[in-house]
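Enquirer: Given next are the chains, with one letter for each unit.
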Amino acid sequence: DQQVKQNSPSLSVQEGRISILNCDYTNSMFDYFLWYKKYPAEGPTFLISISSIKDKNEDGRFTVFLNKSAKHLSLHIVPSQPGDSAVYFCAASPMPSNTGKLIFGQGTTLQVKP
Amino acid sequence: KAGVTQTPRYLIKTRGQQVTLSCSPISGHRSVSWYQQTPGQGLQFLFEYFSETQRNKGNFPGRFSGRQFSNSRSEMNVSTLELGDSALYLCASSLVGRVNEKLFFGSGTQLSVL
Numbered sequence: 035d036q037q038v039k040q041n042s043p044s045l046s047v048q049e050g051r052i053s054i055l056n057c058d059y060t061n062s063m064f065d066y067f068l069w070y071k072k073y074p075a076e077g078p079t080f081l082i083s084i085s086s087i088k089d090k091n092e093d094g095r096f097t098v099f100l101n102k103s104a105k106h107l108s109l110h111i112v113p114s115q116p117g118d119s120a121v122y123f124c125a126a127s128p129m130p131s132n133t134g135k136l137i138f139g140q141g142t143t144l145q146v147k148p
Numbered sequence: 027k028a029g030v031t032q033t034p035r036y037l038i039k040t041r042g043q044q045v046t047l048s049c050s051p052i053s054g055h056r057s058v059s060w061y062q063q064t065p066g067q068g069l070q071f072l073f074e075y076f077s078e079t080q081r082n083k084g085n086f087p088g089r090f091s092g093r094q095f096s097n098s099r100s101e102m103n104v105s106t107l108e109l110g111d112s113a114l115y116l117c118a119s120s121l122v123g124r125v126n127e128k129l130f131f132g133s134g135t136q137l138s139v140l
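Residue numbers (the numbering used here), protein chains in the order written: chain A, 35 to 148; chain B, 27 to 140.
Treat the hints with caution; some may be incorrect.
What the hints assert, rightly or not - Under the rule of at most 25 angstroms between Cα atoms (straight-line distance), these lysine to any residue pairs were calculated in the SDA-like manner:
id: 1; chain 1: B; residue 1: K128; chain 2: A; residue 2: G117
id: 2; chain 1: B; residue 1: K83; chain 2: A; residue 2: I137
id: 3; chain 1: B; residue 1: K128; chain 2: A; residue 2: Q48
id: 4; chain 1: A; residue 1: K147; chain 2: A; residue 2: I137
id: 5; chain 1: A; residue 1: K90; chain 2: B; residue 2: F130
id: 6; chain 1: A; residue 1: K71; chain 2: B; residue 2: Q136
id: 7; chain 1: B; residue 1: K128; chain 2: A; residue 2: E49
id: 8; chain 1: A; residue 1: K71; chain 2: B; residue 2: S112
Hints were generated in silico from the structure; no laboratory data involved.
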């Protein structure tokens, strides 16, 4: 039962263009969402997060959008850079949110071409 | 500040054996979580420890167990290994495990079961 789904296993974009990574979830009780980035042979690193009380959060080139009615979130990277090539995981925190448990999607491999 | 350290980096075992993986969190972090990463499945939550107590557990069989020591270091054990246990095992730490804290991941232990 995959509660967090990233339906696109891979995405390829040109340097300088926008990258849009999508994530869907099934549990309306999720109250906090995060994106992590993973390079080969390294552990995931935190990228950006959003609380369910917001619909948008920005951090530099990265923006996360949350559409609660559609149970959908997306990560926008503008402009995309070759160094952004990595696997991107979205994750959700189930209630109660005071524990270290996150539910991750399967990941999307982003390739940014120079 | 040293990051999360996982040992060993690689491990090869045969079916039926048991294995112990080790994780040293960032100094001062008291919450340690473990995740299993397999191709196509993303990261799946195994368990979380806080102050030497298991606070949350994922949907894995009892062959998977863990513990945390008074210095916050953690170990996970898998008994009676199966071929399907081949995966990257990731450990993550945070201050107290609140959802709005960043999780800091180690580079993982790649386990191969033959």
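Enquirer: Compare the structure with each hint and give your call.
Expert: Quick rundown of the hints versus the structure:
1. B/K128 with A/G117: 21 angstroms, holds
2. B/K83 with A/I137: 12 angstroms, holds
3. B/K128 with A/Q48: Given pair B/K128, A/Q48 is violated - Cα atoms ~30 angstroms apart, limit 25 angstroms.
4. A/K147 with A/I137: 30 angstroms, violated
5. A/K90 with B/F130: 24 angstroms, holds
6. A/K71 with B/Q136: 19 angstroms, holds
7. B/K128 with A/E49: 28 angstroms, violated
8. A/K71 with B/S112: Given that 25 angstroms is the threshold and the Cα spacing comes to 22 angstroms, the pair holds.
Violated hints, in rising order: 3, 4 and 7; the structure is consistent with all others.
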